[in-house]
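Going down the list, the protein sequences come from chains A and B. Counted the way this note's numbering counts, the first sequence spans residues 263 to 906. Counted the way this note's numbering counts, the second sequence spans residues 1253 to 1582.
By construction, these hints were calculated from the structure, which means they are not laboratory data. There could be a bad hint or two in this list.
Said to hold, decoys possible - Quick list of the computed label-pair ranges, beta carbon to beta carbon:
1. R1549/B with N638/A: 21 to 27 Å
2. R1549/B with N730/A: 40 to 46 Å
3. P1498/B with H716/A: 43 to 49 Å
4. R1549/B with H716/A: 19 to 25 Å
5. P839/A with W1503/B: 53 to 59 Å
6. N1563/B with V873/A: 22 to 28 Å
Every value quoted in this text rests on a predicted model; they were computed, and no experiment measured them. Even glycine gets a Cβ: it sits at the ideal position worked out from N, Cα and C.
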Amino acid sequence: ALPPRTPARQRSRDDASCAVVMPTVNLNRDRLFAALGKQYTEREFDELCFEFGIELDEVTSEKEMNSKFLGKEKEEDDTTMETAGETGADGSDVIYKIDIPANRYDLLCHEGISKALNVFLGRCPTPTFRLVEPVNGAPRQKMIQKPETLLVRPFIVCAVLRGIKFDQARYDSFIDLQDKLHQNICRKRTLVAIGTHDLSTVTGPFTYEAHAPEDIEFVPLKQSEKFTAAGLMEHYKTDQKLKHFLHILEGSAVFPVLYDANRVVLSLPPLINGAHSAISLETTDVLIECTATDLNKAKIVLNTMVAAFSQYSATEFAAEPVDVVDAMGQSKTYPDFMTRFVEADPAYINKRIGVNIEARDMATLLCRMQLPTKLNADGTLRVEVPPIRSDVLHQCDIAEDVAIAHGYNNIEWTIPPVNTVGSQQPLNHFSDLVRNEMAMLGFSEVLTWILCSHDDNFKNVSRTDDGNCAAIVANPSGLDVQVARSSLLQGVLKAMGANKDAPTPSKLFEVGDVVLIDGTKDVGARNSRRLLVLFSDKKSGFEVVHGVLDRIMVVTGAAGTGGMKNAGYEVVESDEPTYFPGRQAYVMRDNKKIGVFGIVHPDVLQKFDIVNPCSILELDLEPLLEVEGVSLASTSLLEQAAHI
Amino acid sequence: PSFALERKKHPADLTREMLHDRSWRGETFKAYNLVPGAGAMPSGGHVHPLLKVRQQFRETFLQLGFAEMPTNNFVESGFWNFDTLIQPQMHPARDAHDTFFMKTPSHANRAPEDYVERVKTMHEVGGHGSIGHQYAWKRAEADKNILRTHTTAVSARCLHKLAQDGFRPAKYFSIDRVFRNEAVDRTHLAEFHQVEGVICDRNLTLGDLIGVLHQFFARLGMTQLRFKPAFNPYTEPSMEIFAYHPMLKKWVEVGNSGMFRPEMMLPMGMPEDVNVIAWGLSLERPTMIMYGIDNIRDLFGSKMQLGSVKNNPFCRLGLIEQAETVRATQ
């Protein structure tokens, strides 16, 4: 077994620049290796995944996965319940959990991954998907969309797969893929919902309609009695899986519903299919329908289903077209494979990657990435983008595939001759000078959270929220992340409270940003760089923090020198409930308040569980960045670049 | 044995009086019991371990000629954080369960309108050789304020400004806090520090990115790197960076990287032959590895024990390599 490694899902959160979490697919290892025609060692397979760009995240067994699920350790996907008996009777078959890129919907199932890897390894060509008309000149299946559906779920696309041979594994995979698509591209069924039906149990032409929930009645999947759609909304409130989708229909005057020619209900999208048309292991002809609020995604989802399972059709990789008459009366044929041809320039690709690959070799490499490519007479490449590669938006996607097939680790690396000079943001440089000075003065640095509870930012430090003085989070996941701090005080007081056993005197400081509301900024808020100094002992040490203030003024040059010697600031006594009466003052400079210092009020100390008196100084550092005679014009650049 | 008529007390320490009256001569001082580690700890101040590591990363970037970007804006609009990076609006990362949305201030006041139009067009129908994302782009969604999920939002601002001011080659970096509305556990927090490097020039290649990464990570003591195909909505090609970690003695993922998509660069007004390569990693992870810290709350936040700040050794990043300089000058 490989040494334990950090699961990819976790790692992608560590690397702040990876914006998406990778979806995971659970594959039966033996079934996978059978499809690949080789028994890999775990290391070999891991290596193959590395080259291709997917990840073997975890090796487990059906039994282990189910016991984890039942043990309330939350799995990220909810397909475990669906996958009944995917493997051997004792559930001991090895399961490979594979992480796939978030934009490759074709890789969300065994069929997709094994096909992609086989093509990558050169074991077979990319399938050519095509439409095959019904046999014996029979008419195509028809789906007629009624206008009322525009109110609730305006799009529908369909396809038929003929002659499918299901076994338990294929059946489970078929169900799993729908679940995965629902969770990912379908955005939890809000954008697209998939319904699959045994075509032999229903009769076309089919209609896609919308009716009042009380007027829709049928026996849904897994039930034996009839329900109205209204009744189902009630019934599913306690269903662990379906309750999450009720909101999509909640409050709508009409619900979408699919009927066959005999008024049999096929499905109530996006909730549940009818029991009548349920697919079983004996099903051979499948009708797939996708209702949606986003047509492009519906097409991609339909194509993904067809691409994965048409390999089991009577005619490999073929789907039977369905005529969909939309609400305007326009007839369209689906599936629409959206196969496009992209003219790619080998020079562009070589330049983007930094290699020198012959056009002919590039074509071969692209064929291994499921992008069948032919060489044009003029030396450019004609790249076919099949339905499974909906991730290809631009020539740069093609360039990436060339690079992957070539091997990222085979690319010769170079240092670009970019001649630039390094520089710091003046405010950051200045802040580091202040931090170092504070450490030299004998204070220990703390680094506290920017997010805090509303109470910590206001009530517990005896401040009031007038609704416009701090940035408030709309969707906090807990109390601790309700507000972005508008002062450094509560963080440092918390640090004090958490370190009660630390030797006295406590001498702490923090330099960091607080967030203030500012209507002049393009986003309506700005950061403000502050210094907070805390002294605590059996006595308050008010003169200590005052001394630090004086020292800061000297080292920043704010206090004049020689003939211009002055403290660099004025003091105005203040009267804030945060501090002890008569023992607090504002720090003023150029008639502006740039800070405050004082003894922390006992009411505040109590809220933070602090037993010794504390004195603090909170100082705005930005006004000290520019002092007379020492101007830093780049402050305005700071403004310009960060805020329009 | 020394014999005396009366019991004499042996002095323990040399004092000013003894110097003055020279009474130290002829005295027998008490024997010291020297124990390593039992010295009196000097009083003094300390800087935070995480910020020591931040300092080394900053110096590495500066040595390599990078200019620091201004990242002092935690509240960001969806436009700069997502839309300019061509991340589609109906995207999982923009979910309420991944991103902190703001109640106050809830929406941005303004954005550069001509640029907004170009970004909208790119999302909806593409252009410049791209088919775009083919959906209806909503301004209201872009105007929603959030706590930034990455400092790449600032990179977008800086690159846009660069394109507007008139392109010239540039190298930028930033190290600052980002926010994720995700489950917190032993190694994950709602806020952490992202390190980002960006290079912008004509005709940059993926091979250049690999070279720069070798240069950068060598400064951190990692000289063996491997790259793996990955996916980011705004880079293509994208690579995950793996390194052989000299301390852990195994291969670990150390960062993420890629070349920004043309769909991102062209609406900004960048010339067609300009490419931007970029990479990022978190500050916390290398710090925890280097200092052997297992729980992130022992490193960062109010609950951190002050003793660990005091007892934290130098950050030796940056001291590690420079072997070539040593060889060249000795």
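Results of checking the hints against the structure:
1. R1549/B with N638/A: 21 to 27 Å: 60 Å, violated
2. R1549/B with N730/A: 40 to 46 Å: 33 Å, violated
3. P1498/B with H716/A: 43 to 49 Å: 45 Å, holds
4. R1549/B with H716/A: 19 to 25 Å: Holds - the Cβ-Cβ distance for R1549/B and H716/A, about 22 Å, lies within 19 to 25 Å.
5. P839/A with W1503/B: 53 to 59 Å: 56 Å, holds
6. N1563/B with V873/A: 22 to 28 Å: Holds, at about 24 Å.
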